[in-house]
Amino acid sequence: MSAEPETTPLAKVTDLAVNLPTGRKQSVDAVRHVNLEVFAGEKIGIIGESGSGKSVTGRSIAGLLPTSPRVKLEGSIIVDGEEMIGADAAAWQQVRTHKVGMIFQDPLTYLNPVIRVGRQVEESIAPSKWKNRDPVVQEKSLNFLRLAGFPSPTEVSRKYPHELSGGMRQRVLIAIAIAKRPRLLIADEPTTALDTTVQKRVLETLATTVSETQTSLILISHDIGVVASMTERIYVMYRGRVVESGSTSQILSAPNHPYTQALLRSVRSLSEPDVDLYSIPLELRRKLEMEDVA
Amino acid sequence: MILEAKNVSKTFRSGGRGGLAVHAVKSANLTAARGEFVAIVGESGSGKSTLARMLLDLHPASEGTIFLRGVDVKSMSKNQRRDFRRTVQAVLQDPAGSLNPRKSVSQSIGEVIRLHKAANTKRDIRQKTLTALELVGLDPASHYLDRFPHELSGGQRQRVLIARAVALNPQIIIADEAVSALDASVKAGVLRVMADLQERLNVGYVFITHDLPVVKKVADYVHVMYRGEIVEHGPAQEIFQSPQHEYTATLLDATPSLDALDGAAPTAPGASAT
Numbered sequence: 000m001s002a003e004p005e006t007t008p009l010a011k012v013t014d015l016a017v018n019l020p021t022g023r024k025q026s027v028d029a030v031r032h033v034n035l036e037v038f039a040g041e042k043i044g045i046i047g048e049s050g051s052g053k054s055v056t057g058r059s060i061a062g063l064l065p066t067s068p069r070v071k072l073e074g075s076i077i078v079d080g081e082e083m084i085g086a087d088a089a090a091w092q093q094v095r096t097h098k099v100g101m102i103f104q105d106p107l108t109y110l111n112p113v114i115r116v117g118r119q120v121e122e123s124i125a126p127s128k129w130k131n132r133d134p135v136v137q138e139k140s141l142n143f144l145r146l147a148g149f150p151s152p153t154e155v156s157r158k159y160p161h162e163l164s165g166g167m168r169q170r171v172l173i174a175i176a177i178a179k180r181p182r183l184l185i186a187d188e189p190t191t192a193l194d195t196t197v198q199k200r201v202l203e204t205l206a207t208t209v210s211e212t213q214t215s216l217i218l219i220s221h222d223i224g225v226v227a228s229m230t231e232r233i234y235v236m237y238r239g240r241v242v243e244s245g246s247t248s249q250i251l252s253a254p255n256h257p258y259t260q261a262l263l264r265s266v267r268s269l270s271e272p273d274v275d276l277y278s279i280p281l282e283l284r285r286k287l288e289m290e291d292v293a
Numbered sequence: 000m001i002l003e004a005k006n007v008s009k010t011f012r013s014g015g016r017g018g019l020a021v022h023a024v025k026s027a028n029l030t031a032a033r034g035e036f037v038a039i040v041g042e043s044g045s046g047k048s049t050l051a052r053m054l055l056d057l058h059p060a061s062e063g064t065i066f067l068r069g070v071d072v073k074s075m076s077k078n079q080r081r082d083f084r085r086t087v088q089a090v091l092q093d094p095a096g097s098l099n100p101r102k103s104v105s106q107s108i109g110e111v112i113r114l115h116k117a118a119n120t121k122r123d124i125r126q127k128t129l130t131a132l133e134l135v136g137l138d139p140a141s142h143y144l145d146r147f148p149h150e151l152s153g154g155q156r157q158r159v160l161i162a163r164a165v166a167l168n169p170q171i172i173i174a175d176e177a178v179s180a181l182d183a184s185v186k187a188g189v190l191r192v193m194a195d196l197q198e199r200l201n202v203g204y205v206f207i208t209h210d211l212p213v214v215k216k217v218a219d220y221v222h223v224m225y226r227g228e229i230v231e232h233g234p235a236q237e238i239f240q241s242p243q244h245e246y247t248a249t250l251l252d253a254t255p256s257l258d259a260l261d262g263a264a265p266t267a268p269g270a271s272a273t
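So the sequences go chain by chain: A and B.
FYI, numbering that gives the first Met the number 0 numbers position 198 of the first sequence as 197, with every residue one higher than the one before it.
FYI, numbering that gives the first Met the number 0 numbers position 66 of the second sequence as 65, with every residue one higher than the one before it.
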């Protein structure tokens, strides 16, 4: 099912803690003591409700947290053998150029509205040659668009972002991210804003692209159905901590942590007939909070 | 039946007269009654929200008529219109956008109660507000009265909207993607509240969503919209067991499900690659 485990993971997060400012004198521990690792070619998922710290964890690995001095990171993030906590901006730039790519929920925000999408892929492949329209780069750009599920890439490459549907935009973003040939792709809620039918298409594209380019994947979502269909291992986050991790099938069939159990019960109650709708009871949340503080 | 749409169409034109016409809804028929859970499903751009807005008389229909208890909404008297605004309530997708950020929960809900004269004295209004908040499971209700929208979570805001809708004893609630943005657990909580109101107050729903498992779970009757047309409609069980239209089948097929995955290896294409 999964790749042969290698000795050193591609990315390894140890005891990560992130503190983010929320007001003039307030701050929140968004991520607390998170341990996570992803091996080359592996697909893992992070699930959790909103505010659980899953996006902050993902952004930390790509070095995309706000650069304010009030954002405090502790612990260790090792990407491809290099310690990235405390690394300077140039080192992060290197990581993002060659090793880690990221895609987000809202593709329109990350595309330039006044540049044709083909050129935006070219820019991702070779930023320096982009202005001169190198035919080799253009050809490569079309190949990446084809890989991202566009059967006639020439046509698409001439369009502006506003001329594309939401699902197409998201696939252009996948093409841009994969054009850098990253070793690791972090996808943060890539299909949350899309319809079910379009979602299926984008997920299939994502799965084939990362397999064909042998890229590792971290898929972040609150939708367990999406994560389960795409990944080999899952981390479950709650209140800034990883409360449980394990193989996807084990998490689904035999969850250990009470939060995971409640979460799965509530997800199942939404789709299975003859089961009463179940939401995670307040008592359980209070109990987990008490244990957390202790 | 209470609320009825008969052959309603909506055409939007860009650039004034003679501009490009978009047929958002094409002669749709739909009825909603008390105690009944009617769902409209379809992808984005299929016209389901436009249909909802016509049912609420927020967009006038280009063709066709909306009836409330047999009265055409276009030719209603002032009193009938006031009654229509009370009987048919809306809960829209974005709870933050439907609440005034500068009004507390008690002001937001109290305002509509006062305007519709559902209660007159300050004490009665407060009492009615509290009852509505308790109905939707915001308990203890007095804790929420003085909170502002930014002090509430997404699920709580959505419940405040439902509370504001039920405070007027409506007969139909039109919910446009009311639970789509919520986490599974909160979603289940809000849906339970809605089912509960259906049972206790005999409220009817027109529920618009692209979330099919939810529809399967709670709806009595389903309309499937595709490119502005209702391509299929019928009792929920029939639609889910034997979809007639090709599009309905595609829609059912695309829904990610946990059942297929239990205890099995990931089934995504290429999962075996190194």
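No wet-lab data here; the hints were simulated from the structure.
Each hint should be verified, as a subset may be incorrect.
Said to hold, decoys possible - Away from chain A, derived, C-beta distances all over 12 Å, residues of chain B:
#: 1; residue: Ser43
#: 2; residue: Ser45
#: 3; residue: Asp56
#: 4; residue: Glu62
#: 5; residue: Arg101
#: 6; residue: Ser103
#: 7; residue: Gln106
#: 8; residue: Asp123
#: 9; residue: Leu134
#: 10; residue: Ser179
#: 11; residue: Arg191
#: 12; residue: Met193
#: 13; residue: Tyr220
#: 14; residue: Glu231
#: 15; residue: Gln236
Stated by the list, open to error - In silico contact screen, one side only, chain A against chain B (beta carbon under 10 Å); selected entries:
#: 16; residue: Ile102
#: 17; residue: Ser151
#: 18; residue: Ser268
#: 19; residue: Asp275
For each residue, glycine too, the CB sits at the ideal point set by N, CA and C.
Violations among the numbered hints, reported as their numbers in ascending order: 1, 2, 10, 11, 12, 15, 16, 17
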